Every structure is written in C-alpha cells, then in structure tokens.
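Sequences listed follow chains Y, A and W, in order. The first sequence begins at 62 in our numbering and counts up one residue at a time. The second sequence begins at 62 in our numbering and counts up one residue at a time. The third sequence begins at 62 in our numbering and counts up one residue at a time.
Keep in mind that the hints were calculated from the coordinates and are not lab data. Predicted, not measured: the structure shown is a model, and the values here were computed from it. Careful, some of the hints might be misleading.
In this list, chains with the same sequence are indistinguishable; a pair is considered to hold if it fits within one copy or across any two.
Stated by the list, open to error - Computed list of lysine-lysine pairs in DSS-like fashion (alpha-carbon distance at most 25 Å, straight line):
#, residue 1, residue 2
1, Lys241, Lys163
2, Lys163, Lys530
3, Lys530, Lys241
4, Lys156, Lys146
5, Lys275, Lys241
6, Lys163, Lys526
Residues per chain are reported as follows:
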Amino acid sequence: MTSELLHPDRLFPAEPAVRQITREIYQSIQALPIISPHGHTEARWFAENKPFETPSALFITPDHYVFRMLYSQGIPMETLGVPDKFGDAERNSRKIWHLFAKHYPGLFRGTPTQLWIDHALYEVFGVSKTLNAASADQIYDAISDQLNKPTFLPRALFERFGIEVLATTESAIDSLQHHKHLNQSDWKQRIITTFRPDSVTNPEHPDFLQDIHKLSELTGQDTHNWHQYLEALSIRRRFFAESGATATDHGFPTPFTTVLSQAQCQRFLTQSLEGTLSAEEAELFRGHMLVEMARMSLQDGLVMQLHAGSLRNHNSLIFDRFGLDKGCDIPLPVNFVEGLMPLLNEVGNNPEFTLIVFTLDESTYSRELAPLAGHYPAMKLGPPWWFHDNPEGMLRYRQQTTETAGFYNTVGFNDDTRAFLSIPARHDVARRMDSRFLATLVCEHRITLEAAMETAHDLTYRLPKEAYKF
Amino acid sequence: MTSELLHPDRLFPAEPAVRQITREIYQSIQALPIISPHGHTEARWFAENKPFETPSALFITPDHYVFRMLYSQGIPMETLGVPDKFGDAERNSRKIWHLFAKHYPGLFRGTPTQLWIDHALYEVFGVSKTLNAASADQIYDAISDQLNKPTFLPRALFERFGIEVLATTESAIDSLQHHKHLNQSDWKQRIITTFRPDSVTNPEHPDFLQDIHKLSELTGQDTHNWHQYLEALSIRRRFFAESGATATDHGFPTPFTTVLSQAQCQRFLTQSLEGTLSAEEAELFRGHMLVEMARMSLQDGLVMQLHAGSLRNHNSLIFDRFGLDKGCDIPLPVNFVEGLMPLLNEVGNNPEFTLIVFTLDESTYSRELAPLAGHYPAMKLGPPWWFHDNPEGMLRYRQQTTETAGFYNTVGFNDDTRAFLSIPARHDVARRMDSRFLATLVCEHRITLEAAMETAHDLTYRLPKEAYKF
Amino acid sequence: MTSELLHPDRLFPAEPAVRQITREIYQSIQALPIISPHGHTEARWFAENKPFETPSALFITPDHYVFRMLYSQGIPMETLGVPDKFGDAERNSRKIWHLFAKHYPGLFRGTPTQLWIDHALYEVFGVSKTLNAASADQIYDAISDQLNKPTFLPRALFERFGIEVLATTESAIDSLQHHKHLNQSDWKQRIITTFRPDSVTNPEHPDFLQDIHKLSELTGQDTHNWHQYLEALSIRRRFFAESGATATDHGFPTPFTTVLSQAQCQRFLTQSLEGTLSAEEAELFRGHMLVEMARMSLQDGLVMQLHAGSLRNHNSLIFDRFGLDKGCDIPLPVNFVEGLMPLLNEVGNNPEFTLIVFTLDESTYSRELAPLAGHYPAMKLGPPWWFHDNPEGMLRYRQQTTETAGFYNTVGFNDDTRAFLSIPARHDVARRMDSRFLATLVCEHRITLEAAMETAHDLTYRLPKEAYKF
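Isolated chain Y (complex conformation):
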C-alpha cells in the first residue's frame, strides 16, 4: 500500500537501463534546495505563522485544480466549501473531505493533482493509505491531529521543505506589509514579492478604476496624466524592488505588443478612466503597457515574466456567483511571433534585459517559442504552465523545445501554486521528469551521463537562480 501511494521509482520510465540512469541523475538532484521563483502562496502565512486550519481548507477549498475537476462531474462548488459572493458555502470540513475522498481515487486518476496530494499526504503527514471513502475519516483525523503541532506551522514546513527562496505575487497597490514584517523578523528565510500590475495596466481588469485610484494615493501622482501614471508605476516598482522583488509578472489574454505615441497613450488612458475604451483599444493599451514595462525593466533591472493566453472567467455563471480563479479560465490559441515582435525589436537584443515567457498553447513550443528563445538574447522560455505542468506536459516541453532552444535558454521550474503543501511535490515531479528526459538522451547516446548530471543540476538550481537574479 505504502509503495503504491508513493513509489520511489514513480514517473521513471519502465525500460530497466533508462530507469537506472534516471535514478542516478535524480538522486544527484533530489535533495537540492527548492528555488521557487514564481507562485501564489501568501506571505501572511509565514508572517503570522499560525496553524493551517482544516484538511479541507488545506487541500480542497483553495485549489482550483481540485474543485474544477469535481465540478466537472456535477458536484456543486458550494458543497466543496467554495464560498459564493455572499460567503455561503458548506462549512463542515469533514463533510467536504468525505465528498472529496469519495471521488478522489477515480476522478483524479492519472492527473498531477493525485501525484501532488499523495505526495503531501505521505511526505508531510505520514499517511500511507490511499485516500478514498473508506479511509477518509482516518486520514482526516491524522492530518487534523498534526496541523496544530509546532512542526506543522508554516515556517517549520518552509524549512522542512528545504526552500531557499520563495516568491509570492502581489498587486501593484499591495502594501507588502507581510513581506515587510518578514524582512524585519528574526526568521531569516527568503520570501520575496513579485510586482504584478495587471489591475492598473489592463483597462478591462475588474478592479482597474479602483486600483488606479489607489495607485494615485500611494504615489502622489495624478494617474489621469500619462506621464505621472508611468511615474507612479515606476515608483511602485522601486518600492517592490526595495522590498526584495527581483521580477515583475504580467498576465494578459494575448502576447500582443505595440508601440503607441505618447498622445495616443494619454487618450487611451483617459478613455479607460472614463469607461469609453473599446475592446480593441484595450488590447492596444495592454500591448503598449508591456513595452513600457520592458522599458522600466531596463532601468530598474527587474526580470519580466509574461503569462499570456488565458481567457479568464469563461463561465459567467461561476464568475458571477463565485468570482475569480474558480477553475474556469481556459487557454486560447496565441501568436507570440507577431505579438512579441514590437517588444523584442525594441529591447530583445539587450542581454541585460530578461523576458521569461509562458504559454498555455503547446503548439507554440516548437513553432514560436523555441525559435524566438533560441535567437533573442533577452528572451527565455518559462517551464510548462498550469494545464501543462504535469508529467506528459513536461516531456512534450523538453521534446519540443530542446533541439531549437537548448537547455540554457530555459529557466528551470516554477511551481506557480497557491497550494503550499504541493510545492515539494511539484518540484519533485519536475526533477523526476527532467531526469527522465536526460536519461533517455544518455541511453540513446545523444549526451554523456556527465553532461546529463550537469544539466540536471543547472535546471534544478543554477538556472532559476541566475534567471531570476537570486
């Protein structure tokens, strides 16, 4: 039973010779510190260091991978404890856990969620049984009993997980109070923020008007004036950088970029604030703002990340009842080649600038992203993202990018998660899959074992540290 829950050779290829080399490579990187340069955990957890609440609040309610899949089988969101806009939801944590446990063995079979949850159950809580309807209570109790112990507090887990750096992501108008608290505390672990200005650079963001107003208050700039608006953004970037940020992040529906005249920018900004901007104009404004962000990166040295290609809130019923990030963001086909051309032509030849690009459209790996990253000094390829952050997705990523971009135009792994307990599991999956890909190259006499070992170490540790300037 134990071995089935978390077999030491899991994800390794079946062929004995390749498996043996995979093991060898994996063992050399398994225990390296975790570099987590992009994610959505909360600095508050570590600033306050309070116990996590219930098993359901830990594993189910905040994890859109989990409730999305349950919802797809007709299980109402509220029965999983996901609160609607009035805050209503099932409150009985054990009842939620039972509902989840009943569907867990079948519904999540073959999914990364199962890999991550089994890993956390076994490695964090010492659970050695498969979670199902029969074992639900016993496992619930086992987790609950441990959550209040000192060794299960956020800071203790952070240290146990061997995290060297953890980046969170905050809005441009965030006070960063928890990061400040952490910076001033005696606890000397590195938790840094990331500057994510979407709510003040995307006129179609639901909080745009409100956040532009706050941006003005925070910076003393008149954010109705184009130049002062840029200055306000620049001020906030410096504030983030001084607080420890080394990177920005941008999540737009497309990777379209463009360079507008200053007069045009002022007009679009005014229209945005008046609510008279069309969808086409909003796209132009976003496209120009990416170029402005790149220009500022050249000034302040912040690494620029671009997560493009998600159609947010595809399901309006769910969005209206439950709000953002409820599992109904769906990828779109995108065009990085034409989209990024204006930005790359302006700053892509500068090796001092770094643009890390992520895609939800795998058809762009070999057609667009590897050719671009294999040419422009500034551009690097982010790891498989979201729907593709899983074993098969990782194989496709390496198989479709390595021959054109090599390993050294990629930047290692990002866990990109809100689920703190899944961080070691996710990095472990990435290490296993990279080991496997490299072992296959070794066994096919395409690279030497020595080269594979070096590359595995680089992908796990050196490249993310360098790319994100840690």
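Since the structure of chain Y is already known, use the hints to place chains A and W on it.
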C-alpha cells in the same frame, strides 16, 4: 504468416514488463460486448438481412479511407468501382480487388486501414495470408464463398461481433422505416438511430431547401415560420427518440455558437429559404441552431454530439463528379474556447445536459478541450475522430487530455464507421491502445494495476453506456 | 571518449529488442548513396574545387544554426566572424573558434547541431575528442592541417560522402555559370540547380525591382507586361531545366493561393513596379504566382516545392546590420487547407504534376498536410524542415503523418543545408530515425521486418529519386 497477419501482441509496447501488464489489462476487457454509440452503418442491412455482395463492395467501394489513399497515388476513383453521378464505374469486382490487392501491402503500411482489413480478413473470413497481388484471387474466392452462408449474413455477424448496441445516424427527415422494421421484428438486438439534422439546420447544406420542405410535410408545420420551424424540429426529435434514439449529432465546419434574437432568427430563416443568406450569416444561423439544439436536449434528454472542423468537399472536381464523402473532406483549425462559450454559458452548467465534442484539430486537446471538459459539468470529450482514430492518435489523445480532464470526462470509444466489418477491429484497436496507455501508467507507478483494470473496463463498457444513456 | 563522440548506436531506442531491429534496418541502408534533392550549398565550391578556408569559416560563420544559438546567449554576431553590412567582423579565425568551443559543450547539448558537428569532426577530420575550451586549439590545428590536403578538397569530399545527386538552389536570374562549368568538366558527378524565383515573384522581396529588371534583360521580354513577364519566367525555367534542374522552389510567408483575372494580374504587376502595392495585394499576387508556377510545371515537368510559413527577418536590428539569413527567421502559424485549395483544385488532381510541401508549423502535420497528401494525387509531403529537422522532430513527423498519408506520399529526406560537411551527418540522422520508427512498428507487430526493410530503402533512396525525377 498467420502470426504476422494478426499477431496476438500487436500494438503492445515492446518493453517486456509493460507488454506483460498491457496483456493482462487487455485480456480483462478483450471480450466485453461492443458498445457502438456513433456510426454510419445502415439499418437496412439488418432489417433486410440479405447477404453482402462482393469482396470489393464490402471492403473497397464504400470505404473512403481505402479509395482516398489509392486515389492519392493517381488511381482513378472509377477504376475502384466508385460510381460517378451518372452511375458509371468499373463493375468487375474481381478486377477492382486486384487493383486494390496490388497496392495494399505498401500503400497501407503502417495505417489503421491495414489493421482493420487484416483483422476482418482473419477474424471474419479466416484468411491467414497477407493480401497482395499474388494472393488476391485466392482471398477473393475465400471471401466470396462465405458471403452467402447464413453465418455471414448481417444479423449473424452482428451477433458474432458481440455488439450490445449499435447506433446508426439518420437525417432529420428520414422515415426510420428500417429501424421500425427492426423494432417490430423477432430479432431482439438493439440497433438505434441518431438524430442528425444538418440538412435542415445548415443553410449551406446542398439539400437544405428540399429537406426543409420535407420537414414541413412530415410535421405539418410551416417551416418558413421560425417558431413552427423549431416546433417541427422538436417533433422530429420526439419521433427519433420514440424510435430508440438517445442522441443527436451535428456536423458543422466550426464549433461557433451564438445566441440571436428571435426576430433575427426569423430573418435569417427567411433569407435561407430565399437563397439570400451570406456565408457570414449562415455561420451565425448555424451557431444559433446549435444553441437551439442544446435547449431541446434539455427538454427531451437527447445527448448532443458535435463533430466540428471538417472542410467538406475540398476537391471540387471529385465532388462534382462523385458527390459527398469521397475522401476529400479536410480538417480545419478550430476554436472551441470562444466558439462554444455562448452555448456552454447557457446550458453547460447543467449536469442533466450532455454535450460530447469531437475534434479533427489535435492542437485543441490540451489547449481547449481537456480544460473545458475538466470544468463544465455538461461537456464530455469524444474519442479520437476520423484522421486521428488510429494507434498513434489514440496515444496522443490520452497523453494530451488525461492530466487535465481525467478519464471520467471522456466517453469511451466510437467506431464512427460505414464499414461494418471493421467494427470489431476498431474497438479492438481502441482496447489495445487504452490497455497500453494504462499499463504504461502502472509501470511508471502513476496508478495501480487495480485502478488500471477498473478504468479499462469503464472506458470500454461503462462510460459509453452511461454517456449515451443506453 | 571516442565512443561518446559518435556512438555507433546513437539515436537508437534503449529497449534492447527494438534497438536490435533498429540496427538491422539501419545497417541495410547506412551505406546507400546520398540523394540530396534540396539544399543551399554552392556550385562554385565544386566548380573551383579550392580548399575550404579556416575551421571557423567552415563550421561557424556561415551556419545560422550555430551563431543563432550563440547570439541567444548574448554573444555578439561580429565576434563570431559574421560580417555586418560594412564587412566588419572578427577576422581572427582561431579566436572565433575559441569562443565557439567554450560554449559548445553546454549550449548545443541535445541539439542537432551537436550531432552534425560531432559527426563531421569525427568522420571527416578524425577528431575523437569532445570540442571544448581545453581541446579547442588541438582540434583547430587538426582541421587546419587537413583542409589543404587533396583529399579534403570539395570534389574529393563529395565523392567520399557518397553523394549521387546534389541539388543547389539559385535565383531565377542566376547565370548558372558554375553549373555550366561543372556540366562541361571532366568531373562526372551530378550537381544540379533548382529554380527559385522568389525575388521576381514576391513584390515584397528586397531585390524585386532590381531582379525584375535583370529578368527582362536576360530574356528580352518586357517584364512590365504581364504576358511577357510570364514568358520571361517560362524562358528562365527552360534555361534552368536545360542546365539540369528538375525542380522549382518557392519560399513565401504563407501557403495562400488564389486565381486572379489577367487584368488584375497586370494591375498588380504594374503597382509592384511602381511601389504602390499594399501588403494585402502583395499576398494576392504571390498567391496567384504560385498557381502560375504550378501551371508552368504542368508544361515543363519541373517538380514544384513550397516552403511556406517563415516570417523572415523578425529582428530588424540584426537585419539592418547583418542582412538576410542571420537566424532571425521565425515560423508562423499557417493554413494549408484553405491556402492551397485554389491551386489544388486547379492542378492537384493531375498525377503528372508534383507539389512537395514543407511546413514549420507542426500542428499542420496531422490536421492538414497528411489529409491533403493522402488524397490529392499531385501533393506529396516534404520531410521535417529547419527547426524540425532533428531527431524528435522526425519522430513526430512520422507519428503524425504515417497513419493518414502512409509512407508513400512522402519523399524521403532533404538536408536543406548550407553546411556541406553536415550533409552526411544529416542524412545519417534521418536514416537512423526512420530505422527507429520502423523498428518500433515491427516490434509492435504493426508491420513485418521485411516490409520495414523495403520501406527503409524506399525512404532513403527510391522515393527521393522518383519524386524529384532523378
């Protein structure tokens, strides 16, 4: 020779441990009844139960997979017995067979057609030799000799194949006389129809005007009036359902959907009948009709199937000379994410409604279809279709959908064939490839063997029965 | 060390049984003559038969695969000896070599460039050490010492490589003097040209005006007149054919085709020459010119090649400083289905005409190209091109095209290279990967070993000779 024609381990992976587990899983599902929820065989065959004609009429002339590939090498369609619009074609069945046999070993090498035909030759007719120029006559005679035997009549083969349910596909104006005949006969096998209204919902369908007229006659509704037109469709759906149908099917060039006003619908219907509808307006009308069909499904409980993304009759010379379904339908890139949004926003959250989606654009598996099916309760993912209904296509399908949609948002296999004799072969290929995919997961310690066995059974038997409400 | 540089089993799968069959198939084709029907080597080399210059001029400066990857890591082009438009660049060949050698082991790890260069170093120059900073000088000297020996002159290498036919590619206005020289020489090897008229058929080509003028001079036709312009092209095609060409080649941004009226063509030609053609009109003109080229192929029997889908000179800084072909051409998504429809409808049913299509958009393999090639008698599928001409790309190609188009609608391998020394390496990679793909089918009992051997021979030798009419 025999073993080469149909090796018991065919399609199983070479690695011995994975092969052994594949065998074990396959053996547990090999003999399960065939559930065939979507296809294009003819109810007439079973109603009349007359002998099939010649080997060529059985294997070549009606199978666009076969004559498409021969035509691609410059072999004229008419020499293969495919009649042009005047009914002219080679009539000498043995001559056609010889032409086919000569090209069979090379041209179909590595294609699913070879798998299907070898399977039928061996399993149905006991042929143990490879079909080629040298063996053509002997095999022709062996088949011919058997075709008139009682054990080779359509009903006998149906029983021998172990088919539990077989769905055919009929136009909305079909009389369903053969189904009626079968329902009333003593032969108690389940052959049901599927409601396919394209010729009355797609204004660009070649038979639109004629079939709209028949629809009016059959239902007593004025099909020039939007509300009566809808009522007429509803009446026919009930007629199909009463005759045994559990599903509808829709084959449109794109998965675009939209919701128009009733006034707009009336205008477009009128223009359609007057022949003044533009291509853009026809797309809008089709898009709205998909939503109307979904609404009706909510009323009458019929499962909705969508086969989108085929550009029909790409080759106008062939279409003009030989008509529809002559191997010159070519896939198009499609966008399910934006296309299906209006429909899914209206009815996709209702778990009582089922929409099964098929694609010819494999780039949508991981980008669009798995994310949508892994979220919306109503949406399920159909199996690999047409150009992708083959071993490699099946592997890609599972590799690209499982981690996001799981196994339980898919619906098992559809043979979707006009070639009755290929039905057992096609289901066998699907069972082998699913076994192989699952065995790989087992050997990589991603799922247990027990879980794999359960899933294999579900994919083969339980899921299609449930999804199609059999 | 030697074995790591060029292991005899490189690229073969690890599973012992499949490896054994791969070896067996490979050994049967390994020594077949090289058919090189499309590439960019220079006839001058063989006409003049002068020694190649320095190791850097041989391996680095002319190879955009090499300097593209180095540039992506911020290494300036000029330090690699790539001359800017004033001819400035690093001239110290040994210094360039050192810079390359330092980055070679890591940066090119897992790329085809490493496979090609290791192959050339070992097979051509007998180098058995890995190239790196430490071995740079020794290897540089080893190559330099040999370059002036008679056995390393272009003709000697041509013979040593076992090349049966080598096609170069020349502009429509090229004098073909080197080919003429070769035709008249005593050296009886077959080096032929290919007619590539882009600079006179694409109004957006940088040399359009100048080359149209030269075309007029060469043919005595008034190239401002549509009919005489066509006649001029026809004359040049005959000139190329008489000089040995069997094929044309067309490199356009998209595979769009269309049929315009003669009056429209005259108008667009006039606008092109006046510089008043819009981008949309240029696309229409190119689309029509592809149809004209196909019509001429029907007349003169030249095989037509289409390389579509590269956005040339994405990086304007590099283009402005260094010119064309500097590693900044990036693929675009393309649509062959709608794009090629006008052309295929006019000439695609004619088995006397051959259109060989290449793509940089792998999503089109299973969706568009295999279905089209598996139907139209005239259309064949070219091998994996450019960014996809590598081991993984070759596997994807066969896995995604074979089941729909078979092997016999493909045309074997093209090396498509400017790097003469990489020709044997590239063909060797293709032979190994085809052997591997076929061996997998054999071991999965999908084809017999005998069939695999025949197919391997056909893909390597017979198909390219037939498709290109050698």
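These are the hints, each one checked on the structure:
Neither within a single protomer nor between protomers do Lys241 and Lys163 lie at most 25 Å apart by alpha-carbon distance, with minima of 42 Å and 43 Å respectively. Proximity of Lys163 to Lys530 under the C-alpha cut-off of 25 Å is restricted to the inter-copy arrangement: shortest distance 23 Å between copies versus 45 Å within a copy. For a Cα distance limit of 25 Å, the shortest separation of Lys530 from Lys241 inside one copy, 20 Å, qualifies, whereas the shortest one across copies, 58 Å, does not. Within a single copy, Lys156 and Lys146 get their C-alpha atoms as close as 21 Å, which meets the 25 Å cut-off; across copies the closest is 66 Å, which misses it.
In the homo-oligomer, the alpha carbons of Lys275 and Lys241 lie at most 25 Å apart inside one protomer (19 Å), although the nearest pairing across protomers, at 71 Å, exceeds that limit. Proximity of Lys163 and Lys526 under a CA criterion of 25 Å is satisfied inter-copy only: 22 Å between copies versus 41 Å inside one chain copy.
Consistency note: the structure conflicts with earlier hint 1 alone.
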